[in-house]
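Could you build the full structure based on these sequences and the hints that come with them?
These protein sequence lines map, in sequence, to chains X and U. FYI, in the working numbering the residues of the first sequence are 1 to 346. FYI, in the working numbering the residues of the second sequence are 1 to 327.
Simulated from the structure, these hints should not be mistaken for laboratory data. We treat Cβ as the ideally placed atom computed from N, Cα and C, and that holds for glycine. Wrong hints could be hidden among the right ones.
Mimicking DSSO-like on lysine-lysine, the simulated pairs with C-alpha atoms at most 30 Å apart in a straight line are [claimed, not checked]:
id: 1; chain 1: U; residue 1: 199; chain 2: X; residue 2: 283
id: 2; chain 1: U; residue 1: 199; chain 2: X; residue 2: 295
id: 3; chain 1: X; residue 1: 295; chain 2: X; residue 2: 283
id: 4; chain 1: X; residue 1: 325; chain 2: X; residue 2: 30
id: 5; chain 1: X; residue 1: 222; chain 2: X; residue 2: 295
id: 6; chain 1: X; residue 1: 283; chain 2: X; residue 2: 322
id: 7; chain 1: X; residue 1: 222; chain 2: X; residue 2: 98
id: 8; chain 1: X; residue 1: 112; chain 2: X; residue 2: 222
id: 9; chain 1: X; residue 1: 283; chain 2: U; residue 2: 63
Covered, in the sense of this in silico footprint (three residues per stretch, anywhere, with C-beta under 8 Å from a C-beta of chain U), are these stretches of chain X [stated by the list, open to error]:
id: 10; region: 213-224
id: 11; region: 228-239
id: 12; region: 271-284
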Amino acid sequence: MSQAAEKNMEQPVPAANLLELQAVSKQFVKTLDSAAKIANLFGAGMRQEVVHAVDEVSLDIRRGEVVGLVGESGCGKSTLGRMAVGLHSLTAGTRLWKGQSLEQLDVAERRKRQLAIQMIFQDPYASLNPRMRVQDIVGEAPLVHGMVEASQQRDYVENLLQRVGLDGAMLRRFPHQFSGGQRARVGIARALAVKPEFLVCDEAVAALDVSIQAQVLNLFIKLRDELDLTYLFISHDLGVVRHLSDRVVIMYLGRIVESAAADTVFASANHPYTQALLASAPKLEVRRTEFFAVKGEIPSPLHPPPGCHFHPRCPHAMPRCKVEKPALKEVGAKHFSACHLNDGLA
Amino acid sequence: MDTTLTVNDLQTQFATRAGLVKAVDQVSFSVKRGEIMGLVGESGSGKSMTGYSIMGLIDAPGKIVAGEILLQGSDLRSLPAEAMRKIRGNRIAMIFQDPMMTLNPVLRIDTQMMEAVRAHQDVSRMVAREMSREALVRVGIPSPDERLQAYPHQFSGGMRQRVAIAIALLNQPDLIICDEPTTALDVTIQGQILYEMQKLCRESGTALIWITHDLSVVAGLADTVAVMYAGRIVESGTVQQVLEHPRHPYTHGLIASAPSRNPRGQPLQQIPGMTPSLLNLPEGCAFRTRCAHATVECAQTPQLREVEQRMLRCWHPLRDNVVEAVS
Numbered sequence: 001m002s003q004a005a006e007k008n009m010e011q012p013v014p015a016a017n018l019l020e021l022q023a024v025s026k027q028f029v030k031t032l033d034s035a036a037k038i039a040n041l042f043g044a045g046m047r048q049e050v051v052h053a054v055d056e057v058s059l060d061i062r063r064g065e066v067v068g069l070v071g072e073s074g075c076g077k078s079t080l081g082r083m084a085v086g087l088h089s090l091t092a093g094t095r096l097w098k099g100q101s102l103e104q105l106d107v108a109e110r111r112k113r114q115l116a117i118q119m120i121f122q123d124p125y126a127s128l129n130p131r132m133r134v135q136d137i138v139g140e141a142p143l144v145h146g147m148v149e150a151s152q153q154r155d156y157v158e159n160l161l162q163r164v165g166l167d168g169a170m171l172r173r174f175p176h177q178f179s180g181g182q183r184a185r186v187g188i189a190r191a192l193a194v195k196p197e198f199l200v201c202d203e204a205v206a207a208l209d210v211s212i213q214a215q216v217l218n219l220f221i222k223l224r225d226e227l228d229l230t231y232l233f234i235s236h237d238l239g240v241v242r243h244l245s246d247r248v249v250i251m252y253l254g255r256i257v258e259s260a261a262a263d264t265v266f267a268s269a270n271h272p273y274t275q276a277l278l279a280s281a282p283k284l285e286v287r288r289t290e291f292f293a294v295k296g297e298i299p300s301p302l303h304p305p306p307g308c309h310f311h312p313r314c315p316h317a318m319p320r321c322k323v324e325k326p327a328l329k330e331v332g333a334k335h336f337s338a339c340h341l342n343d344g345l346a
Numbered sequence: 001m002d003t004t005l006t007v008n009d010l011q012t013q014f015a016t017r018a019g020l021v022k023a024v025d026q027v028s029f030s031v032k033r034g035e036i037m038g039l040v041g042e043s044g045s046g047k048s049m050t051g052y053s054i055m056g057l058i059d060a061p062g063k064i065v066a067g068e069i070l071l072q073g074s075d076l077r078s079l080p081a082e083a084m085r086k087i088r089g090n091r092i093a094m095i096f097q098d099p100m101m102t103l104n105p106v107l108r109i110d111t112q113m114m115e116a117v118r119a120h121q122d123v124s125r126m127v128a129r130e131m132s133r134e135a136l137v138r139v140g141i142p143s144p145d146e147r148l149q150a151y152p153h154q155f156s157g158g159m160r161q162r163v164a165i166a167i168a169l170l171n172q173p174d175l176i177i178c179d180e181p182t183t184a185l186d187v188t189i190q191g192q193i194l195y196e197m198q199k200l201c202r203e204s205g206t207a208l209i210w211i212t213h214d215l216s217v218v219a220g221l222a223d224t225v226a227v228m229y230a231g232r233i234v235e236s237g238t239v240q241q242v243l244e245h246p247r248h249p250y251t252h253g254l255i256a257s258a259p260s261r262n263p264r265g266q267p268l269q270q271i272p273g274m275t276p277s278l279l280n281l282p283e284g285c286a287f288r289t290r291c292a293h294a295t296v297e298c299a300q301t302p303q304l305r306e307v308e309q310r311m312l313r314c315w316h317p318l319r320d321n322v323v324e325a326v327s
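Okay, structure coming up:
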């Protein structure tokens, strides 16, 4: 590519949002195998199973913002994170990076732009190749993408390791020679190696011990300030999310139920599910109280309940909740909630 | 209140090729009837091994080398294996972290529950079945008659853990040891289970040892707490004393590093360094290499002693050091 063309491509598109997800959906379909198809010829009536992992979710992330994505297992938060990174294709909806759809670009250009979006995975044990040395784990991507020469790889990786708080001399080691906290740091160094602007952290501290968790969270805060990063921080831990995030988004069974500034969510949660989640979380400050028990369990995303997904567990459910899907509406300044109860107040 | 379990000077060691691992080192505590004790520590601190030692579940190369485990006054260590079998699952029950691993996947729930009843009580299958049904009702499982016929894979994670709790309750034990039973569960499901356990303990007078790494669960659930580090209890006392006025630098560090105790967006207070390997512990106090208050004295092993209504293993207890909650 000529330099002029490259410059043209680099023209900043005037967009306030770094990443925009517009009404994105993801369905996982379990197709029928040949045995089932034959059985159907005889009238077995087997159908494809469709999991609606993410259902028409819209999410904008501004530059420099830390967005916390909270939800219980199976609510689609990891799937949404992977869609944001581009690891999952979209079943419906559009994904815009700096106002531009990456899918429409040619392969080479998309590959280059895509580098700015990186992911940090939950399990620091499973996400590092046990047969590769740290130098290769961290240094492979920048080498492949031509960001460093092979002769400089060593220094480059050493610098990155120091940046995430590891000894540069560790670069000949294998993953099994590290503790859990150190492995998490290697995973962070690997994501940083291609100079990203936006990081999706999927439960990045969930597997760590309390004292190590604090160290890694501090590293995230330090890196954001030093490198001007934007995070989508996926976690089930409300304390962690509250500490780190500017804005909190709460998901339930594939949909966003509430979204607001972190302080607003924790001070005045609007949606009954958010309220239940906050009340269920044990707190250091609360002694020997009755635990709030929200009834029931998360329904299967294979057969989500009609209307509002939360209505079978909701203490305020009305007949309307069983039939009509509530829309995400503004209930306060930049505070969105998807609940029919808010209509009564207006 | 009478004491259900007293553990004195318990030492469990593993002779490995790399050296002797003191997984549990001079651990002492006691639990009263109907009391809930939180046993807190990070991975490798010996909290689970303490639980296994009480249950008599330590396998070679591990061995309990010293100490007493007194269940209502009688020492479990001196019992022959056959007598211990009669106590395990009957007077002491254990609930593990992963209920998928502890329930047999090829047996129906009723088979597994009735087996647990009939191993300890001479009752007919009909009676055992009825007792199993009642246990399922007590832990809040809807339509217990149908659920008895189901296999473990037909339950969700939270329901499976409830079944495990129901099995532990079957023989009305004096003591239940729970090893991180809610760690794998979602927050709302964890809330439900904590609620059930608290209610059951209060009603039946069963003593509970709740092993966890999560201080906030202990804060809400337990009466007393023991904090373990590198195989030893470093501080123990009532939840109120220990969590609100920690005197050991490690306990203080753990509490101070919780996100709720730090201003939002600012770096968290952290404990420097990492947990040392049990094979290669520092001489004396194992925490001294990470401790800001360590002196030459700390190279000597501190003994567990009573300091201000709690047991403490530290040469330099912190002065009244209330950890402020910042919100």
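Status of each hint after checking the structure:
For a cut-off of 30 Å, the pair hint linking residue 199(U) to residue 283(X) stands: about 19 Å separates their Cα positions. Taking the CA atoms of residue 199(U) and residue 295(X), the gap is near 16 Å; set against the 30 Å cutoff, the hint holds. At most 30 Å may separate the alpha-carbon atoms for a hinted pair to count; residue 295(X) and residue 283(X) meet this at roughly 20 Å. Taken as a hint, the residue 325(X) and residue 30(X) pair is honoured in the structure, with Cα atoms around 25 Å apart against an allowance of 30 Å.
Annotation: proposed proximity of residue 222(X) to residue 295(X) is violated, straight-line Cα distance about 40 Å (limit 30 Å). With a C-alpha separation of about 33 Å, the suggested pairing of residue 283(X) with residue 322(X) is violated against the 30 Å cut-off. As the CA atoms of residue 222(X) and residue 98(X) are separated by approximately 24 Å, the hinted pair is consistent with the 30 Å bound. Distance restraint check for residue 112(X) and residue 222(X): the Cα-Cα separation of roughly 26 Å lies within the 30 Å cut-off, and the hinted pair is therefore satisfied.
A threshold of 30 Å between alpha carbons decides the hint, and for residue 283(X) with residue 63(U) the separation of about 37 Å lies outside it, so the pair is violated. Check on the region 213-224 of chain X: 7 of its residues sit with their Cβ under 8 Å from a Cβ of chain U, so the three-residue criterion for coverage holds. Counting residues of the region 228-239 of chain X whose CB falls under 8 Å from any CB of chain U gives 3; the rule of at least 3 is met. Look at the region 271-284 of chain X against chain U: 8 of its residues bring a Cβ nearer than 8 Å to a Cβ of that chain, three or more, so the hint holds.
Comparing the model with each numbered hint stated earlier shows that hints 5, 6 and 9 do not hold.
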